[in-house]
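Asks: Starting from the given sequences, assemble the full structure and let the hints guide the process.
No gaps in the numbering here: position 149 of the sequence shown is 149 in full-length UniProt numbering, and each next residue is one more.
If you're looking for bench data, these hints aren't it; they were derived computationally from the structure.
In silico EDC-like cross-links for lysine to aspartate or glutamate, where the CA-CA straight-line distance does not exceed 16 Å:
#1 325 - 307
#2 570 - 423
#3 325 - 305
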Amino acid sequence: MNVAQAVGAVLASLGVRTAFGVVGSGNFHVTNSLVRHGVRYVAARHEGGAATMADAYARMSGTVAVLTVHQGPGITNALTGVTEAAKSRTPLLALAPEATSARSNFWIDQAALVSAVGVHVARVASAETVVDDTVMAFLAALLGRRTVLLRLPLDVQDEVLPDEAARAVRELRAGGGGVRRAAASRIPAPWGLTFPSEHDPEAVDGPGASDGAAEPAAPDSIVPDSVAPDSIAQFAGLLRVARRPVFVAGRGARGARRELEALGERVGALYATSAVAKGNFHGSPWDLDVMGGFASPLTAELVGDADLVVAWGCSLTMWTTRHGKLIGPDATVVQVDIDADVIGVNRPVDLGVIGDVRATARAVADLLDAPSGDVPSGHAAGYRTPEIADRIAREVRWRDVPYADTGGGGRIDPRTLTIGLDDLLPADRVVAVDSGNFMGYPSMFLSVPDGGSFCFTQAFQSIGLGLATAVGAAVARPDRLTVAALGDGGALMAIAELETVVRLGLPMVIVVYDDDAYGAEVHHFGPDGFPLDNVTFPPVDLAEIARGFGCAAVSVRREEDLAGVAEWLKGPRDRPLLVHAKVTPGLAAWWIEEAFRGH
Numbered sequence: 001m002n003v004a005q006a007v008g009a010v011l012a013s014l015g016v017r018t019a020f021g022v023v024g025s026g027n028f029h030v031t032n033s034l035v036r037h038g039v040r041y042v043a044a045r046h047e048g049g050a051a052t053m054a055d056a057y058a059r060m061s062g063t064v065a066v067l068t069v070h071q072g073p074g075i076t077n078a079l080t081g082v083t084e085a086a087k088s089r090t091p092l093l094a095l096a097p098e099a100t101s102a103r104s105n106f107w108i109d110q111a112a113l114v115s116a117v118g119v120h121v122a123r124v125a126s127a128e129t130v131v132d133d134t135v136m137a138f139l140a141a142l143l144g145r146r147t148v149l150l151r152l153p154l155d156v157q158d159e160v161l162p163d164e165a166a167r168a169v170r171e172l173r174a175g176g177g178g179v180r181r182a183a184a185s186r187i188p189a190p191w192g193l194t195f196p197s198e199h200d201p202e203a204v205d206g207p208g209a210s211d212g213a214a215e216p217a218a219p220d221s222i223v224p225d226s227v228a229p230d231s232i233a234q235f236a237g238l239l240r241v242a243r244r245p246v247f248v249a250g251r252g253a254r255g256a257r258r259e260l261e262a263l264g265e266r267v268g269a270l271y272a273t274s275a276v277a278k279g280n281f282h283g284s285p286w287d288l289d290v291m292g293g294f295a296s297p298l299t300a301e302l303v304g305d306a307d308l309v310v311a312w313g314c315s316l317t318m319w320t321t322r323h324g325k326l327i328g329p330d331a332t333v334v335q336v337d338i339d340a341d342v343i344g345v346n347r348p349v350d351l352g353v354i355g356d357v358r359a360t361a362r363a364v365a366d367l368l369d370a371p372s373g374d375v376p377s378g379h380a381a382g383y384r385t386p387e388i389a390d391r392i393a394r395e396v397r398w399r400d401v402p403y404a405d406t407g408g409g410g411r412i413d414p415r416t417l418t419i420g421l422d423d424l425l426p427a428d429r430v431v432a433v434d435s436g437n438f439m440g441y442p443s444m445f446l447s448v449p450d451g452g453s454f455c456f457t458q459a460f461q462s463i464g465l466g467l468a469t470a471v472g473a474a475v476a477r478p479d480r481l482t483v484a485a486l487g488d489g490g491a492l493m494a495i496a497e498l499e500t501v502v503r504l505g506l507p508m509v510i511v512v513y514d515d516d517a518y519g520a521e522v523h524h525f526g527p528d529g530f531p532l533d534n535v536t537f538p539p540v541d542l543a544e545i546a547r548g549f550g551c552a553a554v555s556v557r558r559e560e561d562l563a564g565v566a567e568w569l570k571g572p573r574d575r576p577l578l579v580h581a582k583v584t585p586g587l588a589a590w591w592i593e594e595a596f597r598g599h
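Replies: Structure follows, in structure tokens:
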């Protein structure tokens with residue numbers, strides 16, 4: 001067994017289930033080893049797409065995803081997707097073969113390149129250390145909630161393992177592998193960390209990390225469970241006196257809905273989420289949906305009037321707080337996060353609680369329910385009045401906010417389009433959204449059933465990632481219909497991955513909001529009279545292009561054209577459907593002005 005083969009065997013033993021990539025000579029053998037040991041390999045058409053697929057897969061599956069690319073141009077092609085993953089603190093392990101001679105045309109300083117975008121760098125040093133090096137890189141991705149590049153020097157890949165290293169690989173394989181075994185056998189157990197039981201239905205929900213952290217972790221993950229008693233007592237005291245509390249869940253709160261709702265019921269809190277955690281409280285009568293730039297008028301009003309805002313695994317970025325203006329100046333702000341480094345980074349907080357979201361919510365609830373002590377029982381009504389309940393039921397959804405339809409002349413209003421799709425598509429869905437002027441419409445007019453159904457790769461704000469995001473999400477969640485929402489610019493950037501969708505047999509719906517332009521730039525610069533020739537384009541028949549790739553397709557210019565979507569949904573759904581929607585170009589998304597203030 002050589003090093004390349006050992007890396008694949010070890011990663012399969014650690015529980016890696018799926019890898020994404022584009023195969024070249026440098027990653028040929030390690031990719032084949034992954035497949036040989038039971039890892040599903042998804043071949044993309046471009047490394048940028050492969051990286052984004054892996055990112056989305058990790059977010060939606062709760063497991064560490066593997067990306068495998070060629071040396072040199074493989075990693076440079078993947079860099080935008082890798083950057084998005086790194087900024088989102090996605091647990092992604094990228095396998096990058098490395099030319100070690102500066103005379104090679106493939107040689108670049110890969111470590112410096114990826115370090116510049118926030119990626120942690122590891123290296124397989126030799127055949128003697130390959131098992132430890134691979135295990136440590138994997139654990140860095142999992143426990144550190146980060147994107148890791150594992151460098152595989154070409155000369156090292158061919159080294160044959162000595163007997164001791166080969167025996168270690170065989171032991172991992174024979175023992176079923178897994179993070180528990182690897183952590184126990186290769187490194188000392190971290191202090192203060194516990195392994196959730198594989199039989200615990202909540203174990204898959206994972207650690208309560210920040211918005212920038214990983215999605216729900218796998219059952220084999222390691223979850224910190226301690227919370228400082230002093231901060232819990234202070235937190236309980238603030239909840240006790242709050243009259244209008246709002247809980248804001250970030251992606252780090254996924255899996256803790258039950259605990260947050262129990263505590264919210266106890267203190268009378270309303271619920272909101274950051275954009276990436278959309279759906280976390282879906283179905284609750286006290287759900288305000290997304291807070292921030294996407295917030296509906298009622299959500300913005302109620303959050304703004306709150307006297308206590310608690311950010312649960314939410315980093316309170318400028319997008320979530322509307323540059324700080326959404327939270328009232330007199331509101332008390334508490335931030336709960338497993339990562340001390342994110343407390344108060346984006347805005348000052350009155351109290352930072354370092355701890356797991358679920359454990360913190362339980363601890364505070366226990367203290368409030370205590371029959372005696374310094375913390376009285378608290379308020380059961382809080383922000384929950386019959387008037388507020390009625391307003392939330394009638395006004396909180398964007399689709400319930402009246403608007404003047406701008407459709408006509410062969411163009412459909414994007415709000416009318418998305419409301420129609422929301423009514424047609426199955427409720428049990430996953431929604432993946434690209435970046436652009438259009439993205440508020442699918443984000444806010446398409447509902448999702450829970451907090452694990454919205455894939456929003458926007459940490460780097462790159463257009464062109466949406467289709468690959470949807471592929472990764474669909475591979476992770478084959479039990480649900482995946483809906484990809486793209487602009488025409490992003491769709492054309494990633495058009496090659498339509499072949500991947502067809503080849504994989506993914507029965508997804510791909511909606512393209514086509515305004516024949518880079519709409520964000522049109523609406524940002526157009527009102528000031530700047531020329532727009534370089535951001536507007538002639539029409540493209542995306543439906544016909546999609547048919548050429550093997551998709552079913554329907555063109556939508558008016559609401560009645562959605563009948564074609566209804567027909568596809570009747571079955572057999574044996575091909576993906578592309579919905580080419582010609583949307584009204586003159587409609588600037590409501591969030592654009594706010595968004596560009598951050599530039």
